[in-house]
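Trainee: Sequence:
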Amino acid sequence: MDHPDRFRRALLAATAILVVWLPAAPASAHTELVSTTPAKGATVAKAPAGVELKFSQSPNSDFTQIVVSDAARKPVPASRPVVDKGTARISFPGPLANGVFTVAYRVVSNDGHTVKGNYTFTVADPAAESAPTAATPGPIDTAPTDTAPTDSAASAGGTGAAVPAADSADDAGGMPAGVLIGVGGLIAAAAAGGVLLALRRRRSAA
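Those letters in the sequence shown? Residues -29 to -1, 1 to 177, per mature numbering (1 follows the signal peptide of the UniProt record, and there is no 0), in order.
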């Protein structure tokens, strides 16, 4: 009567064997860089016609970027990246000069994972010219520069009129205008008083 128990034991044993012997599925399907042409850190005697990057899986061609720069960090003219299965490549319109070049890449796998990095290679072609090296900063120019006049200064200079001072002395002997007005008022008051006094005297005499 123990047939069901034997069947269950046999089923569990078979399942365990399958779990052990079946190949494990990959933990992730991320794209990885497999090889490069020119190779990383290589010195080539002839300038390459382009750069090829081989990945473990075909990257998304819409998001594949490859930029090659010279020693002065100036990007080298190149075609747009072309993706063929797992290989992404660019081509140069002309031969590279001698020097160290940096390849920077950024690709996106089909699962959305981003893979990026960079490496260098050197061109040492006896018949080629040398690439420009990193630029050395020149001396800082400390000479004064001409400053353009402001709008207010330009308008004042254009009309030829000087801007008057806020408080200016009167031209009459350098005496302030307020003092002159006060003195004039006193003189006028004295004159008016003299006239009134003369009129009163005439009335009294009459």
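One or more of the hints may lead you astray.
What the hints assert, rightly or not - Ranges between beta-carbon positions, derived for each pair:
(1) N31 / P97: 37 to 47 Å
(2) V15 / K56: 17 to 27 Å
(3) A10 / P48: 19 to 29 Å
(4) T85 / S50: 16 to 26 Å
To be verified - With a Cα cut of at most 30 Å, we get these calculated DSSO-like pairs of lysine-lysine:
(5) K56 / K17
(6) K87 / K56
(7) K11 / K45
(8) K45 / K87
(9) K87 / K17
(10) K11 / K25
(11) K56 / K11
(12) K56 / K25
(13) K25 / K87
(14) K87 / K11
(15) K45 / K25
(16) K45 / K17
Think of the hints as simulated: they come from the structure by calculation, not from any bench.
Please read all numbers here as calculations on a predicted model, not as lab measurements.
Ideal Cβ placement from N, Cα and C applies to all residues, glycine included.
Trainee: Hints first: check each against the structure and report whether it holds.
Mentor: Tested hints:
About 40 Å separates the C-beta atoms of N31 and P97, a value consistent with the hinted range of 37 to 47 Å. For V15 paired with K56, a C-beta distance near 25 Å keeps the hint of 17 to 27 Å intact. For A10 and P48, the Cβ-Cβ distance of about 23 Å falls inside the hinted range of 19 to 29 Å, so the restraint holds. For T85 and S50, the Cβ-Cβ distance of about 22 Å falls inside the hinted range of 16 to 26 Å, so the restraint holds.
Between K56 and K17 the alpha-carbon distance is near 27 Å, which keeps this suggested pair within the 30 Å criterion. Between K87 and K56, the direct Cα distance comes to roughly 18 Å. Compliance with the 30 Å bound is thereby established for this hinted pair. A threshold of 30 Å between alpha carbons decides the hint, and for K11 with K45 the separation of about 20 Å falls inside it, so the pair holds. Taking the CA atoms of K45 and K87, the gap is about 19 Å. The hint holds against a cut of 30 Å.
Distance restraint check for K87 and K17: the Cα-Cα separation of roughly 27 Å lies within the 30 Å cut-off, and the hinted pair is therefore satisfied. For the suggested pair K11 and K25, the alpha carbons sit about 12 Å apart, so the restraint of at most 30 Å is met. The straight-line distance between the Cα atoms of K56 and K11 is roughly 21 Å, inside the 30 Å bound, and the hint therefore holds. For a cut-off of 30 Å, the pair hint linking K56 to K25 stands: about 9 Å separates their Cα positions.
Note on K25 and K87: the hinted pairing holds, with a Cα-Cα distance of about 13 Å set against a maximum of 30 Å. The suggested pairing of K87 with K11 holds, with an alpha-carbon distance near 15 Å, which does not exceed 30 Å. A distance of roughly 25 Å separates the Cα atoms of K45 and K25; the hinted pair therefore holds under the 30 Å criterion. This hinted pair checks out: K45 and K17 have alpha carbons roughly 21 Å apart, not beyond 30 Å.
Consistency note: the structure conflicts with none of the earlier hints.
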